[in-house]
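Please construct the entire structure, taking both the sequences and the accompanying hints into account.
Quick mapping for you: the protein sequence lines, in order, are chains E, Z, A, W, H and X.
Numbering-wise, the first sequence is residues 153 to 640 according to the working numbering.
Numbering-wise, the second sequence is residues 153 to 640 according to the working numbering.
Numbering-wise, the third sequence is residues 153 to 640 according to the working numbering.
Numbering-wise, the fourth sequence is residues 73 to 185 according to the working numbering.
Numbering-wise, the fifth sequence is residues 73 to 185 according to the working numbering.
Numbering-wise, the sixth sequence is residues 73 to 185 according to the working numbering.
Treat the hints with care, since some could be wrong.
[Unchecked claim] Cross-link-like lysine-lysine pairs, in silico, DSS-like; alpha carbons within 27 Å at most:
1) Lys115/W with Lys480/A
2) Lys600/Z with Lys480/E
3) Lys575/A with Lys606/E
4) Lys115/H with Lys340/Z
5) Lys480/Z with Lys606/A
6) Lys480/Z with Lys115/X
7) Lys115/W with Lys408/A
8) Lys561/A with Lys575/A
9) Lys125/X with Lys408/Z
10) Lys480/Z with Lys600/A
11) Lys600/A with Lys115/W
12) Lys408/Z with Lys115/X
13) Lys480/Z with Lys125/X
14) Lys606/A with Lys158/X
15) Lys480/A with Lys125/W
16) Lys158/W with Lys125/W
17) Lys410/E with Lys125/H
18) Lys125/W with Lys340/A
19) Lys408/E with Lys158/H
20) Lys480/Z with Lys408/Z
Treat the hints as calculated values from the structure; they're not laboratory data.
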Amino acid sequence: MDGMTLKSRLGDKDRQRFFVTFLGGKLIGIVVAFAAILGPGQLILGKAVHAVAPNAEIPIQDVINGQNTAWVLLAAFLVFFMQAGFMMLEAGFARTREVVNVLQECIVDTCLCALLFWAFGFAFMFGFGNGFIGHEFFFLNGAQATYTYHGATDTGVAFMAFFLFQFAFADTCSTITSGAMVGRTAFKGDLIYSVAVSGFIYPIIGHWVWGPGGWLQTVRNGVWIHDFAGSSVVHTMGGFIALAGAIVLGPRLGRKFKRDGGGLPPGHDLTIAAIGGVILWFGWYGFNPGSTLSSFDAAGIGRVATNTTLAAAAGGLAAMLWVYPRVKKWDMGITINGFLGGLVAITAPCYYVNATAAVIIGLVAGVVVVLGIDLIEHMRIDDPIGAVAVHGFAGIWGTWSVGLFSNGKFGVPKGLLWGGDAKQLWSQVWGNAVVAVASFGAAYAVMKVVMMMKLLRVSEDGELEGMDIHEHGSPAYHPEAAYTGKGM
Amino acid sequence: MDGMTLKSRLGDKDRQRFFVTFLGGKLIGIVVAFAAILGPGQLILGKAVHAVAPNAEIPIQDVINGQNTAWVLLAAFLVFFMQAGFMMLEAGFARTREVVNVLQECIVDTCLCALLFWAFGFAFMFGFGNGFIGHEFFFLNGAQATYTYHGATDTGVAFMAFFLFQFAFADTCSTITSGAMVGRTAFKGDLIYSVAVSGFIYPIIGHWVWGPGGWLQTVRNGVWIHDFAGSSVVHTMGGFIALAGAIVLGPRLGRKFKRDGGGLPPGHDLTIAAIGGVILWFGWYGFNPGSTLSSFDAAGIGRVATNTTLAAAAGGLAAMLWVYPRVKKWDMGITINGFLGGLVAITAPCYYVNATAAVIIGLVAGVVVVLGIDLIEHMRIDDPIGAVAVHGFAGIWGTWSVGLFSNGKFGVPKGLLWGGDAKQLWSQVWGNAVVAVASFGAAYAVMKVVMMMKLLRVSEDGELEGMDIHEHGSPAYHPEAAYTGKGM
Amino acid sequence: MDGMTLKSRLGDKDRQRFFVTFLGGKLIGIVVAFAAILGPGQLILGKAVHAVAPNAEIPIQDVINGQNTAWVLLAAFLVFFMQAGFMMLEAGFARTREVVNVLQECIVDTCLCALLFWAFGFAFMFGFGNGFIGHEFFFLNGAQATYTYHGATDTGVAFMAFFLFQFAFADTCSTITSGAMVGRTAFKGDLIYSVAVSGFIYPIIGHWVWGPGGWLQTVRNGVWIHDFAGSSVVHTMGGFIALAGAIVLGPRLGRKFKRDGGGLPPGHDLTIAAIGGVILWFGWYGFNPGSTLSSFDAAGIGRVATNTTLAAAAGGLAAMLWVYPRVKKWDMGITINGFLGGLVAITAPCYYVNATAAVIIGLVAGVVVVLGIDLIEHMRIDDPIGAVAVHGFAGIWGTWSVGLFSNGKFGVPKGLLWGGDAKQLWSQVWGNAVVAVASFGAAYAVMKVVMMMKLLRVSEDGELEGMDIHEHGSPAYHPEAAYTGKGM
Amino acid sequence: MLELITAIIKPHKLDDVKEALLANGVEGMTVTEVRGFGRQRGKTENFRGSEYKIDLIPKMKIEIVVAAETADHLIAVIVEAARTGKIGDGKVWKMAIDGLTRVRTGEMGSEAI
Amino acid sequence: MLELITAIIKPHKLDDVKEALLANGVEGMTVTEVRGFGRQRGKTENFRGSEYKIDLIPKMKIEIVVAAETADHLIAVIVEAARTGKIGDGKVWKMAIDGLTRVRTGEMGSEAI
Amino acid sequence: MLELITAIIKPHKLDDVKEALLANGVEGMTVTEVRGFGRQRGKTENFRGSEYKIDLIPKMKIEIVVAAETADHLIAVIVEAARTGKIGDGKVWKMAIDGLTRVRTGEMGSEAI
Ligand SMILES: Nc1ncnc2c1ncn2[C@@H]1O[C@H](COP(=O)(O)OP(=O)(O)O)[C@@H](O)[C@H]1O
Ligand SMILES: Nc1ncnc2c1ncn2[C@@H]1O[C@H](COP(=O)(O)OP(=O)(O)O)[C@@H](O)[C@H]1O
Ligand SMILES: Nc1ncnc2c1ncn2[C@@H]1O[C@H](COP(=O)(O)OP(=O)(O)O)[C@@H](O)[C@H]1O
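Listed below in structure tokens is the structure:
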């Protein structure tokens with residue numbers, strides 16, 4: 153290898169993934185600058201704080217752990233940032249009088265979710281236990297240096313970084329729910345069901361698919377559901393919990409449905425909603441590429457990121473074009489829902505499919521979202537944000553699409569449409585159905601109980617006055633604050 | 153240690169932070185934790201999935217590829233996020249009745265651009281072909297592991313990550329255009345010209361400067377235009393396409409120009425505009441530092457990021473102070489345009505100059521933007537966002553500034569003002585002029601044709617009613633949604 | 153090389169970019185793909201540009217420097233993005249007539265701060281000099297490849313990346329100030345005091361704690377204040393400068409305080425404020441985890457990120473629940489202030505404490521913020537954003553909490569509540585008090601002088617008309633722009 | 073003879089009042105967002121943990137130009153549709169107008185309603 | 073004698089009407105954003121892929137206090153400037169006012185216009 | 073007999089006027105954000121480095137229904153509270169109203185004020 157030019161080396165396909173060799177001869181020592189990894193406690197010292205022993209060794213594992221951890225943390229930050237996107241999308245699509253409520257719910261759900269996931273959610277989901285539930289790592293006790301799926305596979309990701317990434321996912325699931333329940337959910341009810349969703353439903357059902365030893369990974373002779381970043385675990389689940397909530401709550405007062413001569417009340421601020429949508433797209437770059445858990449998988453993160461983009465683009469265009477003949481206008485709301493549907497759908501297959509498949513998956517998802525919104529409206533369910541269609545239905549489609557479009561090169565057998573057999577598809581359908589049914593059922597029970605406790609739905613007067621003033625004591629906008637010392 | 157399985161190693165707490173040892177004598181092997189790079193298909197397994205063979209080797213190239221790819225992807229995400237910034241800036245500077253239009257154009261242009269760049273834009277720009285156009289990688293076919301400039305230089309960046317980064321750049325160029333055409337462009341016309349811009353004009357002209365074998369790199373005896381991150385390729389081009397669009401469209405109805413006793417109508421929401429501007433600045437940290445394509449170039453990315461900051465800061469202050477004597481007020485709109493001008497200008501030279509030069513380049517850019525806006529207004533061209541001045545004119549200045557201020561240490565000869573000769577400067581001027589003239593010419597032709605097809609400009613009635621209702625069927629704001637079930 | 157201490161190695165300039173050597177024995181060859189690190193000047197070439205010499209060596213230091221630099225830069229970008237968060241929070245909490253003023257101040261302060269920090273701020277703070285002030289690196293002259301705390305500890309972070317990170321911190325401090333001075337500060341006065349804060353007060357006092365050889369690191373026999381990411385340096389300081397400003401300015405005209413039968417005027421746009429708050433939380437993931445200066449410290453960055461999250465969550469809930477009995481409403485404004493308080497508090501201890509401590513620190517911080525706001529209101533000080541309570545008081549609490557909760561494993565002795573002695577706590581209290589008193593004193597003097605020059609407070613007419621029109625010539629919102637060519 | 077009826081009502085009663093008026097032959101109306109107080113004398117909101125009193129509460133103002141002879145009936149219709157029986161329900165008043173013109177056609181008087 | 077002229081017009085006609093009034097000697101006016109319907113009876117918008125009907129369309133309300141003798145002329149001026157001939161052009165009406173005061177000076181009656 | 077007093081004032085004078093009216097026995101009012109010009113004839117703003125003239129300046133419109141006998145006194149109260157002596161202070165006018173109803177109770181006439 154010596155003596156070869158860079159060019160020849162790089163041009164040589166067989167060597168593109170070359171490994172540095174240390175063949176023969178004695179290697180005396182490789183000295184590594186440890187300074188950077190000895191923690192910043194020392195960084196503020198005005199003097200030298202330590203010396204590296206001679207013959208220090210290369211912490212290759214540290215390079216890997218550091219890089220993976222940084223990648224996963226940055227992805228976690230992006231997923232966290234999706235909260236801002238959800239808040240803007242939901243607030244923008246809501247009516248003026250329920251805006252503070254939407255915002256405050258998202259903020260408080262995030263706070264709750266963090267504490268619950270720390271206390272036991274993470275333990276239920278990613279602790280080892282049985283196929284149904286984990287019971288390790290309560291309050292992050294017993295954590296190791298890196299998360300290893302109970303010794304099965306070292307992610308190379310520092311334990312608490314892995315925790316944060318998974319918290320951000322849990323948080324997303326709980327936020328999706330609130331979107332379908334906008335405008336009539338009492339805040340106390342929101343607190344209660346959020347505890348159930350973030351603390352129990354999401355982590356337990358999530359354990360089945362993603363936890364070490366979850367039962368959905370062991371059924372069906374090794375052909376189990378593959379859900380790369382959560383079309384099922386996060387989105388189908390979020391969407392079906394949302395559906396349960398919207399059904400139990402019933403529609404907002406005065407909400408007339410399409411078949412009764414009414415329709416969805418328009419969002420109060422489409423600027424905020426559109427920016428929120430784009431922030432969600434941006435955050436999805438943490439959601440999907442971050443789910444490799446490793447930036448060493450360079451081809452993988454590139455593929456995931458590009459597939460994510462193409463599906464979103466295709467979904468947005470498909471939804472817009474699908475409704476154009478109907479309304480003869482270029483509807484922005486549906487375009488946003490469409491690209492979000494594309495993002496939801498590609499979330500499961502993003503790692504396993506090629507770009508062409510990503511485009512097709514996105515196109516179909518855009519249409520699924522439109523039809524899904526129509527269906528929900530037809531069923532007289534009041535979902536102000538479209539959470540059920542965007543997350544629930546596109547999540548189903550996305551999970552199935554793994555079985556249809558997997559190109560067989562990345563750990564999942566070839567999909568049906570690329571000439572594979574239907575086994576994987578059925579596993580996807582089955583696994584997704586389990587998730588959907590279980591989450592809907594559990595959420596329906598929880599919501600019903602909270603409803604019966606008279607805590608889920610705000611009083612009629614409160615709803616007419618508006619959630620913001622009734623529950624939070626303040627409208628979102630005080631334009632008169634322009635002129636006077638206080639509210640007018 | 154050799155011969156141990158990954159599992160046993162990781163299960164052993166005492167070794168959790170193990171260092172690869174190279175103890176005297178022969179190094180038989182370096183065991184690498186491959187787990188992280190084997191893809192996440194396995195991560196959901198409830199059992200150990202593989203053991204590392206003894207004698208595995210260190211994939212140094214993988215460290216490099218992983219790190220570069222992660223860097224470029226994160227940069228691509230930031231550049232993508234600039235869409236949110238552009239949307240907010242453009243929407244905020246627009247009038248209330250054209251806000252949805254602005255937002256929807258940006259969203260749909262992004263969707264279109266992704267699909268076009270995948271289908272052929274990337275092939276035209278970064279595929280090998282001839283000096284004028286590339287024709288490799290249609291639909292990303294024939295992609296290699298990393299992008300290598302046809303074997304010339306391995307970027308160490310996974311192919312699809314490189315694609316995504318370049319898509320985000322293309323998207324920026326197309327979004328700039330829409331800014332100057334706000335308020336009177338029919339949506340169908342927008343779709344058509346966007347296909348031309350994203351699919352053909354940007355990638356083909358871009359190929360000349362950045363593509364493998366582009367002709368602007370070979371003229372003038374090796375002293376070719378250096379445009380580090382796109383003052384010419386993205387911004388001058390975007391600005392001049394915008395100029396062509398604004399000229400062909402003509403001004404908005406009722407728009408009176410300064411010399412006719414009128415002036416630019418004020419933006420409807422400066423809060424949104426200001427935040428959008430800051431988001432653009434933030435996104436620029438992907439644009440410029442990401443263009444190193446490598447985080448190994450630690451000094452380089454630090455220098456680029458700092459230069460970017462200093463030029464923006466100088467541009468904002470310069471613009472604000474330049475207009476202060478005129479209006480006797482601290483004008484926020486011009487401050488935003490000013491720092492954006494600084495960012496545009498530093499985009500070409502950010503790698504090649506030192507901090508002092510960055511400050512000077514920014515100061516000049518701030519003034520260029522103000523004078524440019526005045527000039528465009530004087531020419532009775534209606535550019536609601538200032539796209540021509542900010543991107544077009546500051547882009548020219550930035551491209552030239554490489555020839556003036558390059559410090560000679562980073563691959564470009566010393567600039568004229570630091571004692572170098574004028575050769576590089578002339579190459580910058582020449583190359584930039586080619587880009588400006590070619591993009592203006594091509595865009596002018598396209599716009600004219602679409603205009604003649606009666607698709608570019610909305611009807612008079614539609615314009616008076618407002619683009620939002622006429623083209624998109626909905627205003628941006630529904631404050632009345634506070635009070636009633638539906639729109640009032 | 154073996155046997156050399158880290159210090160001597162890093163102090164030796166000739167070796168700063170050292171390559172690990174493989175002396176003794178035969179090194180057969182490790183070929184490294186240099187392409188990626190040779191800068192992008194070459195990337196646009198259509199031909200091979202260089203070949204790697206045989207026997208090239210592994211630049212392990214480059215791997216480390218590249219990774220640390222990328223980490224710190226990305227963190228710096230996130231911290232920069234906090235400007236958008238601050239702008240939204242401050243603008244949203246302000247009254248309609250002072251919104252442009254708030255936004256423009258943040259933008260211009262950022263511009264000013266960048267130029268000042270480049271010119272001398274960084275030199276004062278991070279240059280070597282004496283215990284009181286540094287005087288190296290004016291205009292970034294004399295910069296080395298990486299920042300090394302005057303040779304004490306090589307951060308492995310490229311110099312200009314370290315600069316950018318620290319600039320973003322300085323910028324934060326200056327922005328906090330403006331929050332308490334909203335609505336009545338003349339723009340000229342803002343410019344003047346900002347120069348004092350960003351250029352002198354912050355860097356000089358910051359030098360004492362974080363600069364190489366700062367005096368607060370040497371007092372008290374080696375048990376000095378530990379402030380990981382700036383509860384004291386950035387937040388206490390920012391909060392107390394803000395306090396000085398608010399006191400010197402006096403309240404806004406017509407502002408009646410609680411005990412006089414009035415209260416804080418409500419913010420004009422809580423949507424914008426809430427999103428701004430969440431953006432701040434997001435940006436804090438740069439602030440705290442970035443302060444490790446290294447992503448090699450995988451466990452460290454994970455711990456810091458998770459602690460940051462838990463403290464924020466606890467702070468938000470605590471504040472909301474604390475005020476619930478009082479107002480019988482779920483107050484969103486206080487929830488936002490509460491989680492921000494949690495973030496401020498955890499900033500000092502985030503590296504040194506475990507998750508349980510983080511939750512406790514956050515809970516207490518949430519209450520501190522509420523009581524702090526009450527206290528400031530009771531003292532008839534008009535702080536429209538709550539900067540003093542959130543940054544000043546929670547910053548004090550956070551700094552103290554290191555001495556209470558440090559778990560003793562990460563470079564700081566065990567905290568009092570975990571069974572340690574009180575020495576560290578007293579150092580924290582003492583160091584924090586020095587910072588608070590010094591910054592308050594210096595700022596008070598500066599503000600008083602500017603006030604006496606009649607430049608700090610806007611005229612009564614200007615204040616009644618509103619800062620936006622009076623100082624900036626434009627209101628933030630032009631809804632009438634919906635209907636007419638120009639402003640109505 | 074024409075009268076201008078002005079009604080100040082609770083915002084969420086707008087739909088009801090509108091429908092009642094349409095059902096009673098009213099063919100046009102103009103609506104404005106206003107704020108006001110009467111016996112209701114404001115209410116309490118809270119911001120960042122403190123309560124404060126707002127005097128002026130959001131209301132909707134409806135204006136309709138009608139033939140004088142239908143005015144009293146329509147006022148009764150409005151009052152019925154807008155009433156919740158709680159404080160803050162609002163006021164309705166009428167004033168004589170001297171002339172009305174439809175812009176589109178130039179028609180005048182009751183033709184123009 | 074003074075009259076108050078109230079005109080409801082299409083928003084984009086505001087500039088034209090304003091200029092016409094200025095050209096006819098009017099020295100002051102007050103403008104309010106309102107919503108309304110008349111013969112136009114609302115129109116169709118769409119949101120997230122579905123159409124819905126909005127009854128109340130944005131209009132501008134112009135109020136001017138003028139000397140009684142110029143009122144009819146000014147109404148004609150407004151009607152001409154505001155007319156597009158399409159549905160939704162609006163209405164203009166006038167009412168007698170009993171007294172006018174300029175706040176700055178305390179002048180009363182037609183002095184105060 | 074009842075009168076409707078309409079006052080156009082500077083926005084920042086709203087609090088003062090409101091308090092003065094309350095102090096003089098007024099028990100209800102309705103406030104609208106409006107824009108207008110009179111002698112003041114607009115002013116200059118700037119945007120992105122250029123000045124432009126705006127004709128219509130933000131004002132507040134206050135409407136109060138009062139007993140006819142108190143009207144002139146209350147107009148004087150408003151004028152005094154709203155005056156700054158600078159251009160743009162606004163106008164106050166009154167008109168007779170033919171009937172007033174309180175929605176909550178259906179009371180009519182001056183009972184309903
Ligand atoms: N005297 C008045 N003049 C003008 N508007 C009034 C007057 N009194 C009440 N209003 C308007 O009517 C609204 C409702 O009045 P309120 O006194 O609360 O109702 P009620 O006492 O009839 O239950 C107020 O918000 C205000 O806008
Ligand atoms: N009877 C009415 N009373 C009050 N306002 C009315 C009435 N009729 C119409 N308007 C106002 O005039 C506007 C235009 O009326 P419209 O009937 O559409 O115009 P036209 O029929 O004259 O073409 C409406 O939006 C509404 O604000
Ligand atoms: N003739 C008018 N008709 C209706 N409103 C008027 C008239 N003249 C003035 N106004 C209103 O009064 C406000 C203040 O008028 P302006 O002429 O500036 O005050 P003044 O001349 O009394 O100092 C204007 O902004 C406008 O809203």
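Evaluation of the provided hints:
| no. | hint | result |
| --- | --- | --- |
| 1 | Lys115/W with Lys480/A | holds, 14 Å |
| 2 | Lys600/Z with Lys480/E | holds, 26 Å |
| 3 | Lys575/A with Lys606/E | violated, 53 Å |
| 4 | Lys115/H with Lys340/Z | holds, 23 Å |
| 5 | Lys480/Z with Lys606/A | holds, 18 Å |
| 6 | Lys480/Z with Lys115/X | holds, 14 Å |
| 7 | Lys115/W with Lys408/A | holds, 17 Å |
| 8 | Lys561/A with Lys575/A | holds, 16 Å |
| 9 | Lys125/X with Lys408/Z | holds, 12 Å |
| 10 | Lys480/Z with Lys600/A | holds, 25 Å |
| 11 | Lys600/A with Lys115/W | violated, 40 Å |
| 12 | Lys408/Z with Lys115/X | holds, 17 Å |
| 13 | Lys480/Z with Lys125/X | holds, 15 Å |
| 14 | Lys606/A with Lys158/X | holds, 24 Å |
| 15 | Lys480/A with Lys125/W | holds, 15 Å |
| 16 | Lys158/W with Lys125/W | holds, 19 Å |
| 17 | Lys410/E with Lys125/H | holds, 11 Å |
| 18 | Lys125/W with Lys340/A | violated, 35 Å |
| 19 | Lys408/E with Lys158/H | violated, 31 Å |
| 20 | Lys480/Z with Lys408/Z | holds, 23 Å |
Of the numbered hints given earlier, the model fails hints 3, 11, 18 and 19; all others are met.
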